[in-house]
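A.B. asks: Each chain is listed here by its residues.
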Amino acid sequence: MNKKTPESPVSQFLNEVTDQISYEPLRPSIRQELEDHMNDRMEDYKANGVSHSDAEAQALRDMGDAVTIGTELNEAHKIQKAPQLTLISALLLLTGFIFTSFMSWRPLYMASRCLYYIAGATLLVFTVLKGYPFLIRKRKSIALLTGFLYLVQILLFIMTLVKKTRHGIPSTAYFATILFVPVITVLLYCSRHNKKKFLTIAVLCTTVWMFFMYTAHSFLGDTAEIIFLLSTLGTVWFMIHRGILTGPKKYLYPVSLAFMVFIGSPLFLSESGRYNMDTFLSPQSSVNSTWDDSYNGVLIQELLSKTPLTHGLKLTPEELMEYGTGAWYFTSRNPGNIGIDATGINTPEQQAEFDKKVESLRQQNYLPRYIYYQVEDVTLWDILPQHYYNNYMIAVFIFLFGWIPGLVLIGAIVLFYLLLFTYSLRINGKLASALAFSCSQCLLWQGVLYLLGNFGHQYASFPNLPLISEGQLSILCNTILLGLIFSAYRHDHVMEEPVNYKPITSG
Amino acid sequence: MDKRYMALGTSMLVLKLLNNQSMYGYQIIRELEQQSRDVFKLQEGTLYPILHTLEQQGAVTSYQQTADNGRIRKYYAITTHGQKLLDEKLKEWEVYQTAINQVIGGVLFE
Numbered sequence: 001m002n003k004k005t006p007e008s009p010v011s012q013f014l015n016e017v018t019d020q021i022s023y024e025p026l027r028p029s030i031r032q033e034l035e036d037h038m039n040d041r042m043e044d045y046k047a048n049g050v051s052h053s054d055a056e057a058q059a060l061r062d063m064g065d066a067v068t069i070g071t072e073l074n075e076a077h078k079i080q081k082a083p084q085l086t087l088i089s090a091l092l093l094l095t096g097f098i099f100t101s102f103m104s105w106r107p108l109y110m111a112s113r114c115l116y117y118i119a120g121a122t123l124l125v126f127t128v129l130k131g132y133p134f135l136i137r138k139r140k141s142i143a144l145l146t147g148f149l150y151l152v153q154i155l156l157f158i159m160t161l162v163k164k165t166r167h168g169i170p171s172t173a174y175f176a177t178i179l180f181v182p183v184i185t186v187l188l189y190c191s192r193h194n195k196k197k198f199l200t201i202a203v204l205c206t207t208v209w210m211f212f213m214y215t216a217h218s219f220l221g222d223t224a225e226i227i228f229l230l231s232t233l234g235t236v237w238f239m240i241h242r243g244i245l246t247g248p249k250k251y252l253y254p255v256s257l258a259f260m261v262f263i264g265s266p267l268f269l270s271e272s273g274r275y276n277m278d279t280f281l282s283p284q285s286s287v288n289s290t291w292d293d294s295y296n297g298v299l300i301q302e303l304l305s306k307t308p309l310t311h312g313l314k315l316t317p318e319e320l321m322e323y324g325t326g327a328w329y330f331t332s333r334n335p336g337n338i339g340i341d342a343t344g345i346n347t348p349e350q351q352a353e354f355d356k357k358v359e360s361l362r363q364q365n366y367l368p369r370y371i372y373y374q375v376e377d378v379t380l381w382d383i384l385p386q387h388y389y390n391n392y393m394i395a396v397f398i399f400l401f402g403w404i405p406g407l408v409l410i411g412a413i414v415l416f417y418l419l420l421f422t423y424s425l426r427i428n429g430k431l432a433s434a435l436a437f438s439c440s441q442c443l444l445w446q447g448v449l450y451l452l453g454n455f456g457h458q459y460a461s462f463p464n465l466p467l468i469s470e471g472q473l474s475i476l477c478n479t480i481l482l483g484l485i486f487s488a489y490r491h492d493h494v495m496e497e498p499v500n501y502k503p504i505t506s507g
Numbered sequence: 001m002d003k004r005y006m007a008l009g010t011s012m013l014v015l016k017l018l019n020n021q022s023m024y025g026y027q028i029i030r031e032l033e034q035q036s037r038d039v040f041k042l043q044e045g046t047l048y049p050i051l052h053t054l055e056q057q058g059a060v061t062s063y064q065q066t067a068d069n070g071r072i073r074k075y076y077a078i079t080t081h082g083q084k085l086l087d088e089k090l091k092e093w094e095v096y097q098t099a100i101n102q103v104i105g106g107v108l109f110e
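Protein chains in written order, with the UniProt record's numbering: chain D, 1 to 507; chain L, 1 to 110.
No lab work stands behind these hints: they were computed from the structure. Treat the hints with care, as some may be off.
[As the list claims (entries may be wrong)] Below, simulated BS3-like cross-link-like pairs (lysine-lysine); rule was C-alpha separation at most 30 Å, straight line:
id, chain 1, residue 1, chain 2, residue 2
1, L, Lys84, D, Lys430
2, D, Lys46, L, Lys41
3, L, Lys16, D, Lys430
4, L, Lys89, D, Lys78
5, L, Lys16, D, Lys78
6, D, Lys249, L, Lys89
7, L, Lys91, D, Lys430
8, D, Lys249, D, Lys195
9, D, Lys430, L, Lys89
10, D, Lys250, L, Lys84
11, D, Lys196, D, Lys250
12, L, Lys84, D, Lys78
13, L, Lys16, D, Lys249
14, D, Lys197, D, Lys130
15, L, Lys41, D, Lys78
16, D, Lys249, L, Lys84
17, L, Lys84, D, Lys81
18, D, Lys195, L, Lys84
19, D, Lys81, D, Lys138
20, L, Lys89, D, Lys81
[Claimed, not checked] So the derived list for chain D, only partly shown, Cβ under 7 Å to chain L, looks like this:
id, residue
21, Asp36
22, Asp40
23, Met63
24, Ile69
25, Leu73
26, Ala76
27, Asn428
The beta-carbon is built from N, C-alpha and C at its ideal position, and this holds for glycine as well.
Use the sequences and the hints to build the structure in full.
C.D. replies: What follows is the structure, encoded as structure tokens:
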């Protein structure tokens, strides 16, 4: 039977210290540091002729009280909580869940979206608890896996270009573009001390970006690309400001700006890019039919101007019909532009006559909108941008409840972003702060573009309002971003800087 | 001595030493002892909460280096933020020191 070797007084002391530290993964490195200190002290005593046992006893006395040291070290390495941000994030997620349930008009549709919320909430909790430490410890494996996933995405793009048929889900490319921002942040951080490695990473990332830019935007719209550019530029400037990327600041700021403008130039110089910008700045300039997103923008601006402060929009049935059909905007009342009456079709003859009318309009290159209501039964819901409620939640909320409740909702969203950046800026760790800032930027620009769209200025394809609008991949992507911010903040005082971190096993 | 000023003094001294060169924990203790001619003999373990707190505040940063005897040592280096903090602490200390001197001086010359 093996006899358990009794622990040495030094080992007992170290156990006593580390037992006070609540974040267990931190214990081995602290133990090692204190043990090395005591070994150094003992060696000095022994060099002066003191026996081993006396040197050990003296070194222990010199260290002081183990519990006090451990408690003070634990105080320095506490896991941080973010109660205000937790509360408002939970409220926004709940609001999104309720909105999604309320605005889904088919039970199956509702169920699938709600499932994404459940998966998103689970992913959020996991990322908050494990995300940042996992990223630090497994960053090489994660980098390889991420590289592989982006390679697959690039291959799908190439297949799309060659075969002219779309492969994969466009949303994955959309969110892969947005998630590329934190990926680049980590890569730039980890290579920043090695010029050759840094340049290799920069060239690789630019190549991947070019693929996304030139192959994906043709069917995705440019929204993810503009969010990527703004977020990456903001993050790089933040890293320069904090001294994470070192060099003469007066050159680094303009050079990074010029580089971003250069790689993003197709967004402004190509024909589609100029169209997106014109539509964004002046939606009226590109309205051709009621199907256009720019028409929704113009309609929203018109309805917002009529919405009272304290209660919802009230319109007469005649006004509702004017807005519902688009006749208020297309004053010529050309049947190709305004909605076509699809009510009162009860017999095959009536159906045939209706189909003939539709076919005639289609031959003239019009895409008629069917109007299933009349002045007797039209409601506010009939005139709102059809099937796009998710894209206009803020505007719809203002139409339904008035400007003041709408501004309260906007205030809550602004508060969320303020807290997000407050917590991100409180993080001391260099990588943690850069990562949290990059994720906050991705969430911010999605929200800014969404809000602008709700006031009639939509840029390219519609973005999502993080945590609230659209379920599905948006929820998963944004909960990862939010979870990383929480996790970086939470572990700021317990994680060591990764480049310098070499796990030490206790002897 | 007032605990607050004790803590202020210790972290100030640590920052002051690190302002000259990067050091590991035991080296800091030895330097403190030698430069103060054994007046500052800390309970050595209490140095580490101070160092770790300064690191969390971004005042110092750490890196590992293998020593000649093969032991991996954790070195601490002062940051730009730490240098600013040191300036603040030195000013605060000056106020404290002046106040003490004035009181002592007053008693002596009354």
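A.B. asks: Against this structure, judge whether each hint is valid.
C.D. replies: Outcome of the hint check:
no., hint, result
1, Lys84(L) / Lys430(D), "18 Å, holds"
2, Lys46(D) / Lys41(L), "19 Å, holds"
3, Lys16(L) / Lys430(D), "23 Å, holds"
4, Lys89(L) / Lys78(D), "25 Å, holds"
5, Lys16(L) / Lys78(D), "26 Å, holds"
6, Lys249(D) / Lys89(L), "28 Å, holds"
7, Lys91(L) / Lys430(D), "28 Å, holds"
8, Lys249(D) / Lys195(D), "17 Å, holds"
9, Lys430(D) / Lys89(L), "24 Å, holds"
10, Lys250(D) / Lys84(L), "22 Å, holds"
11, Lys196(D) / Lys250(D), "22 Å, holds"
12, Lys84(L) / Lys78(D), "25 Å, holds"
13, Lys16(L) / Lys249(D), "28 Å, holds"
14, Lys197(D) / Lys130(D), "28 Å, holds"
15, Lys41(L) / Lys78(D), "28 Å, holds"
16, Lys249(D) / Lys84(L), "19 Å, holds"
17, Lys84(L) / Lys81(D), "28 Å, holds"
18, Lys195(D) / Lys84(L), "29 Å, holds"
19, Lys81(D) / Lys138(D), "24 Å, holds"
20, Lys89(L) / Lys81(D), "29 Å, holds"
21, Asp36, "6 Å, holds"
22, Asp40, "4 Å, holds"
23, Met63, "4 Å, holds"
24, Ile69, "4 Å, holds"
25, Leu73, "5 Å, holds"
26, Ala76, "4 Å, holds"
27, Asn428, "5 Å, holds"
Violated hints for the displayed structure: none, as all numbered hints are satisfied.
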